[in-house]
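S.K.: Use the sequences and the hints to build the structure in full.
Respectively, the protein sequence lines represent chains A and B. Take the first sequence: its position 263, counted from the start at 1, is 263 in our numbering, and no numbers get skipped. Take the second sequence: its position 85, counted from the start at 1, is 85 in our numbering, and no numbers get skipped.
These are computed hints drawn from the structure, not numbers from a lab. Computed from a prediction, not measured in an experiment: that's the story for all the values here. Careful: at least some of the hints might be erroneous.
Claimed, not checked - Capping the alpha-carbon separation at 20 Å, the derived lysine to any residue pairs in SDA-like fashion look like this:
#1 B:K2 with A:A79
#2 B:K2 with A:E101
#3 A:K127 with A:E98
#4 B:K2 with A:K277
#5 A:K92 with B:A12
#6 B:K2 with A:P112
#7 B:K310 with B:R276
#8 A:K95 with B:I288
#9 A:K138 with B:I288
#10 A:K243 with A:G256
#11 B:K358 with B:R276
#12 A:K179 with A:R201
#13 A:K277 with A:F224
#14 A:K138 with B:R204
#15 A:K131 with B:V22
#16 A:K131 with A:R97
#17 A:K243 with A:F224
#18 B:K2 with A:Q76
#19 A:K92 with B:R93
#20 A:K95 with A:L55
#21 A:K95 with B:R13
#22 A:K92 with B:Y8
#23 A:K92 with B:L23
#24 A:K284 with A:R303
#25 A:K92 with A:A104
Unchecked claim - Covered by chain B, per the in silico footprint, the following chain A stretches (three or more residues, Cβ under 8 Å):
#26 76-90
#27 103-114
#28 168-175
Stated by the list, open to error - Residues on chain B that point at chain A, a partial pick, calculated with CB under 10 Å:
#29 A3
#30 T5
#31 E14
#32 Q197
#33 T200
#34 R204
#35 G207
Glycine included, C-beta positions come from ideal geometry on N, C-alpha and C.
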Amino acid sequence: MNEGKAIEVFDLRKQYGETVAVDGVSFTVNQGEVFGLLGPNGAGKTTTVECLLGLREADGGQISLLGVSHGANNDQVRARLGVQLQTTGLLKQLKVREQVELFAGLFPRSLPADEILNHVSLLEEAKTATKALSGGQKQRLAVALALINDPDLIFLDEPTTGLDPQARRRLWDVIRGLKERGKTIMLTTHYMEEAEQLCDRVAIMDHGRIIELDHPSRLINKYFKETAIDFVALGRVPREQLKALPGVKHTLHENGRVTLYSSDVPHTMSGLLEMAKQDTLTFKDMTVRQATLEDVFLKLTGRRIRG
Amino acid sequence: MKAITALYLAQAREFLRDRSAVLFVLLLPVVFGVFFGLVFSEGGSFTLQLGLANEDPGPMGAQIVMNLDAPEAKGGYNVFTGEREELMTILKRGDLHALLVLPENLSQSVMNGQSALIEVFYDTANPTSADFAVSIVRTLLNEINLALSGSPPILEMAPQPVQTKPTRSIDFFMPGMLGVALLWLGIFGTAQPIVSQRETQILRRIGVTPVSRLTILTAEVSWRVTVGLLQAPVFLLVGYFGFGVGVISWPPFIGAIVLGTLVFVSLGYVLAGLGRSTESVMAISQLINFPMMMLSGSIFMVEMLPDLFKPIMSALPLTYLSDLLRQSMVGATAMHPIGLDFAVLGGWLVVLFILAVKLWRWE
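M.R.: This is the structure we're talking about:
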């Protein structure tokens, strides 16, 4: 298999009874790349990762990690993998540093425990019992355990789920730091913003299939040459009139929140102001922004990714 | 080796910091052993409480009272003297086992060469003490009769007690509870932590490191065997310094501890494999725990069990472990030859080990 590829997956399939969890997924991850698997809960992201790691037996397809076919079954390859699973898998009576030392003992080579703890800002909690940690701290500890062997390829399965915004940003910094050091990272998430912020390439998954795969900004450009204009409409929304405004390609309307995708923002805006002058539309909180992955997902699936 | 050490140490910390595991596996069994040993030690020696009402104004009655009440005469009974009515009330209350009444005409009759009637009242509520009371009184009267007749005794008894190992109840319970301790190591020290670790998916997480599954299991089992081997010194320290219960024959004792530990740790892995959740494993465990404890002769004597349970009893591994421990620690009478005990335990180990391997699940 190809030297420069960290992960190669071809036609991966996994079924639980009647439910098809992964339905013919193929992708490759280049070395040094941060690759995102993005999709709502139940899209098949975790199952894909678990098949890659050999935690589940795939029903079909080919997998290679770091150039080795079914690499997860190979001790040499496993020694170069860093893994954070959704279920953190921590021994609850151990203190934080003891937990790191346990995992350090499981690899032929490992980094100093304190360096790793410092890296995820847990050095002050080194002597705290694992069961006394907050959710965010446990999550960061799980990430720390994924880094102890200075791995070449890192799997992070929804590392920021359930974290408050501050803790999430702190983990993002950790992930960016890893990328700077040339690590290959495979990340699953259902946060669009996270994928946009961190990933070099994103695979959008839905119902066990990859429906799009590209760089986040290229995906946005591909689907939206337009700029998004958001506002909250007060009172009746004249939808037909909005659609007919100059430059408007596409409109969305949800609970009084309106998004117009416009290829000609100045003309659309003056049209909107004209409607406001004539009292056919009252609005507040208007923002003009670039389209995001959320808009892409919405357009591709007709659903928002969350809720 | 580095990985085994790391995993062993982690398991040790996880166990030693888990209060309920330490309590059930290391402390409670020895506490129960001592507690049962002390509570049931009353039953070992029975003392007859004898009431004596002397209504004879003459020398004969006084003589009998003196003989009975003499400190050197007291073997197995205490004498309480008093009025007939008063003692009768005490007897009826159950605080006396028997009451002797020396009649008013005792001295008179003896002097005239006539027989006198000594009334004996006894409590029939407890047949054992009633039999004992009547037989002691009969012996006493025979001695008095003989003394009065003036003829020398033709046949005398020379009591020569042969000292077998004294069977105090602490001697029964300490080895029995040591066996139960190994059973609990399997249930509370093995099955329970394994399911809870399986629920937190720690084993799965370790599974994606370059550590082989054999290494993980080796480290885990080594730690649990260590706990098993720690239990014996705990019992021996408390037993020997507290009650003089030690070991009289080391080779079978050590063999019993090692084999017993392996059998019950394997049982723990089987139980962990049978249930999916902590709750279901605990339910299955209790289903095994209670019958094993009650029917193995560990805390109830085998003779006390109805015949109905005998086949179950003779199938349980703990029965043979307790027998081995009693023989090797206090020299109790063997229920089975030592070789049979070891053979049955070895058989159980093979069966449980195969089952444990077959039922083992990582998640």
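S.K.: Take the hints in turn and mark each one as holding or not.
M.R.: The hints, checked one at a time:
1. Taking the CA atoms of K2 of chain B and A79 of chain A, the gap is about 14 Å. The hint holds against a cut of 20 Å.
2. Between K2 of chain B and E101 of chain A the alpha-carbon distance is near 11 Å, which keeps this suggested pair within the 20 Å criterion.
3. Between K127 of chain A and E98 of chain A the CA atoms are separated by roughly 8 Å; this keeps the pair inside 20 Å, and the hint holds.
4. For the hint pairing K2 of chain B with K277 of chain A, the CA-to-CA distance comes to about 77 Å; that exceeds 20 Å, so the pair is violated.
5. The suggested pairing of K92 of chain A with A12 of chain B holds, with an alpha-carbon distance near 13 Å, which does not exceed 20 Å.
6. The suggested pairing of K2 of chain B with P112 of chain A holds, with an alpha-carbon distance near 15 Å, which does not exceed 20 Å.
7. Distance check on the hinted pair: K310 of chain B and R276 of chain B sit about 32 Å apart at the alpha-carbon level, beyond 20 Å; violated.
8. Between K95 of chain A and I288 of chain B, the direct Cα distance comes to roughly 34 Å. Violation of the 20 Å bound is thereby established for this hinted pair.
9. With a C-alpha separation of about 37 Å, the suggested pair K138 of chain A and I288 of chain B falls outside the 20 Å cut-off, and the hint is violated.
10. Pair hint K243 of chain A plus G256 of chain A holds up; C-alpha atoms about 16 Å apart against a cutoff of 20 Å.
11. For the hint linking K358 of chain B to R276 of chain B, the alpha-carbon distance of about 15 Å falls within 20 Å, and the restraint holds.
12. Taking the CA atoms of K179 of chain A and R201 of chain A, the gap is near 13 Å; set against the 20 Å cutoff, the hint holds.
13. A threshold of 20 Å between alpha carbons decides the hint, and for K277 of chain A with F224 of chain A the separation of about 29 Å lies outside it, so the pair is violated.
14. Distance check on the hinted pair: K138 of chain A and R204 of chain B sit about 17 Å apart at the alpha-carbon level, within 20 Å; holds.
15. Only pairs whose Cα atoms come within 20 Å are accepted, and K131 of chain A paired with V22 of chain B is accepted, the gap being roughly 18 Å.
16. For the hint linking K131 of chain A to R97 of chain A, the alpha-carbon distance of about 13 Å falls within 20 Å, and the restraint holds.
17. At roughly 16 Å between alpha-carbon atoms, K243 of chain A and F224 of chain A fall within 20 Å of each other, so this suggested pair holds.
18. Restraint check for K2 of chain B and Q76 of chain A: satisfied, since their Cα atoms lie roughly 16 Å apart, inside the 20 Å limit.
19. Distance check on the hinted pair: K92 of chain A and R93 of chain B sit about 59 Å apart at the alpha-carbon level, beyond 20 Å; violated.
20. About 27 Å separates the Cα atoms of K95 of chain A and L55 of chain A, which puts this hinted pair outside 20 Å; it is violated.
21. The suggested pairing of K95 of chain A with R13 of chain B holds, with an alpha-carbon distance near 9 Å, which does not exceed 20 Å.
22. At roughly 15 Å between alpha-carbon atoms, K92 of chain A and Y8 of chain B fall within 20 Å of each other, so this suggested pair holds.
23. For the given pair, K92 of chain A sits about 18 Å from L23 of chain B by alpha-carbon distance, which is consistent with the 20 Å threshold.
24. A hinted pair counts as satisfied when its Cα atoms are at most 20 Å apart, and K284 of chain A with R303 of chain A does not qualify at roughly 25 Å.
25. For the given pair, K92 of chain A sits about 17 Å from A104 of chain A by alpha-carbon distance, which is consistent with the 20 Å threshold.
26. Look at the region 76-90 of chain A against chain B: 10 of its residues bring a Cβ nearer than 8 Å to a Cβ of that chain, three or more, so the hint holds.
27. By the rule of at least three residues with a Cβ nearer than 8 Å to a Cβ of chain B, the coverage given for the region 103-114 of chain A holds, with 6 such residues.
28. Counting residues of the region 168-175 of chain A whose beta carbon lies closer than 8 Å to any beta carbon of chain B gives 0, which falls short of the minimum of three for the stated coverage.
29. The closest approach between the C-beta of A3 of chain B and any C-beta of chain A is roughly 5 Å, which is under the 10 Å cut-off, so the hint is satisfied.
30. Evaluation of the T5 of chain B hint against chain A yields a held restraint, the C-beta minimum of about 7 Å falling below 10 Å.
31. Interface restraint check for E14 of chain B: the shortest CB-CB distance to chain A comes to about 5 Å, inside 10 Å, so the restraint holds.
32. Of the supplied interface hints, the one on Q197 of chain B holds, with its beta-carbon coming within about 7 Å of a beta-carbon of chain A, less than 10 Å.
33. Satisfaction of the interface hint for T200 of chain B is found here, the shortest Cβ-Cβ separation to chain A being roughly 6 Å, below the 10 Å cut-off.
34. Given the 10 Å rule on beta carbons, the hint for R204 of chain B holds: about 6 Å separates it from the nearest Cβ of chain A.
35. A cut of 10 Å between beta carbons decides the hint on G207 of chain B: the least distance to chain A is about 7 Å, and the hint holds.
Checked against the numbered hints given earlier, this structure breaks hints 4, 7, 8, 9, 13, 19, 20, 24, 28; the rest are met.
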